[in-house]
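Take the two lone chains and join them into the complex the hints point to.
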Amino acid sequence: AQTVTQSQPEMSVQEAETVTLSCTYDTSESDYYLFWYKQPPSRQMILVIRQEAYKQQNATENRFSVNFQKAAKSFSLKISDSQLGDAAMYFCAYRRINAGNMLTFGGGTRLMVKP
Amino acid sequence: DAGVTQSPTHLIKTRGQQVTLRCSPISGHKSVSWYQQVLGQGPQFIFQYYEKEERGRGNFPDRFSARQFPNYSSELNVNALLLGDSALYLCASSLGSNTEAFFGQGTRLTVV
Chain A
56 AQTVTQSQPE MSVQEAETVT LSCTYDTSES DYYLFWYKQP PSRQMILVIR
106 QEAYKQQNAT ENRFSVNFQK AAKSFSLKIS DSQLGDAAMY FCAYRRINAG
156 NMLTFGGGTR LMVKP
Chain B
11 DAGVTQSPTH LIKTRGQQVT LRCSPISGHK SVSWYQQVLG QGPQFIFQYY
61 EKEERGRGNF PDRFSARQFP NYSSELNVNA LLLGDSALYL CASSLGSNTE
111 AFFGQGTRLT VV
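Same order as they appear, the protein sequences are chains A and B. Take 56 as the starting number for the first sequence in the numbering used here and just add one per residue. Take 11 as the starting number for the second sequence in the numbering used here and just add one per residue.
Hints in this document: simulated from the structure, not taken from any laboratory. Backbone N, C-alpha and C fix where the C-beta goes; we use that ideal spot for every residue, glycine too. Hints may be right or wrong, so weigh each one.
Distance windows between CB atoms, simulated [claimed, not checked]:
#	chain 1	residue 1	chain 2	residue 2	range
1	B	92	A	60	24 to 30 angstroms
2	B	48	A	129	25 to 31 angstroms
3	B	67	A	139	35 to 41 angstroms
4	A	151	B	51	17 to 23 angstroms
5	A	167	B	106	35 to 41 angstroms
6	B	66	A	125	20 to 26 angstroms
7	B	48	A	140	25 to 31 angstroms
8	B	66	A	135	33 to 39 angstroms
9	B	25	A	117	44 to 50 angstroms
The shape of chain B in the complex, shown without the other chains (with noise of 0.2 angstroms):
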């Protein structure tokens, strides 16, 4: 069976730029966890989404957005890039809201 998988794996963008990132959850998986992760840190929480419903919200501001779809895939979009948004984003699914979470491998931003 197929792990989280996350796209693209790395991904270059200028200050002020927008990006998305994408993540497919496990199948059969209804939830979908966002976290960032600094260079050096440990990870961050984001967003929750459950049956595609915002569950959590971390201390973000409003520049990072997510949603889910009805195949329970999800995207994070950042707004108006800052260099202190390069890091690793991690996408986690699991069954439930409240059940293990599984990671994917992250996606590497760089702001240059």
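Chain A extracted, bound-state conformation (with noise of 0.2 angstroms):
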């Protein structure tokens, strides 16, 4: 089975600083995609960033850029120039190629952000 950690439960950063978040998983499949969601107080989670494993470029969405290591099967989203309205829980997920909407999430990072 697949699993998805987050090691870091909090994080803070300073307004129009840069932080990374930390993601591990571990699967046996080759091929699979991989997600950053954030929720905000408003419950609905928001897709932030996709990887696709087969793709050796990392994924970017404005501040929002990942750094994908297969070989270590880590998955980081740094945010950079961080703004106020970044504040919220950040979710890792993965998902195996033609498994539906079947992701399997981490236990999430809240970050913070100080003005």
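What follows is the structure in structure tokens.
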């Protein structure tokens, strides 16, 4: 079974600074998807960024980028120029190819942004 | 366009009771998935339905059941409620069975 681990329960960053959230996963599959979701107090899970395992290039979405290390089974999220609105719970998630929307989530990291 | 809508927003039930949670997907989306998120944890997959058929089931007891209607809306039913069923229940919809999931704001269920 696949597992996703987020070892940082809480992280704090100063506004305008950069922060990196860590995620490791365990799988025997060679192809799969990885995701970072943001969950603000409104409770709605919002997709931040997605990475296909067969792509060597790290995904980037504006201020958000990932460092995908397939051999190490590591998938970290870097947030540049942090904003107050980035404060939320962040979840790393894994999905097998052709597994529908069966996402396996990590335990989450609470990100606090200090003004 | 309306996003994924879930009802009710909050719900309080007594142990042993039954509950039905409802989800309306984004217009045009044919797949609905359900997740349980216990406080302080990440969501756990319960079910996925696509074109009214069950396409996946997580490690949950038979007290949990779901169905999808012809208009692609969905209901999640939980029988014989336990205190441990207290959680945020999230619904997600997607165009196809393997495409990006969009989440609703969830139903907060409290079992007392």
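Evaluation of the provided hints:
1. Range check, residue 92/B to residue 60/A: Cβ separation about 27 angstroms, and the 24 to 30 angstroms hint holds.
2. About 26 angstroms separates the C-beta atoms of residue 48/B and residue 129/A, a value consistent with the hinted range of 25 to 31 angstroms.
3. At about 40 angstroms, the CB distance of residue 67/B to residue 139/A agrees with the hint of 35 to 41 angstroms.
4. In this structure the supplied range 17 to 23 angstroms holds for residue 151/A paired with residue 51/B, their Cβ-Cβ distance being about 21 angstroms.
5. The hint said 35 to 41 angstroms for the Cβ distance between residue 167/A and residue 106/B, and at roughly 37 angstroms that hint holds.
6. Range check, residue 66/B to residue 125/A: Cβ separation about 25 angstroms, and the 20 to 26 angstroms hint holds.
7. For the pair residue 48/B and residue 140/A, the beta carbons lie near 26 angstroms from each other, so the given range of 25 to 31 angstroms is met.
8. Under the hint 33 to 39 angstroms, the C-beta atoms of residue 66/B and residue 135/A, about 36 angstroms apart, fit the expected range.
9. Evaluation of the 44 to 50 angstroms hint for residue 25/B and residue 117/A yields a pass: the beta carbon distance comes to about 47 angstroms.
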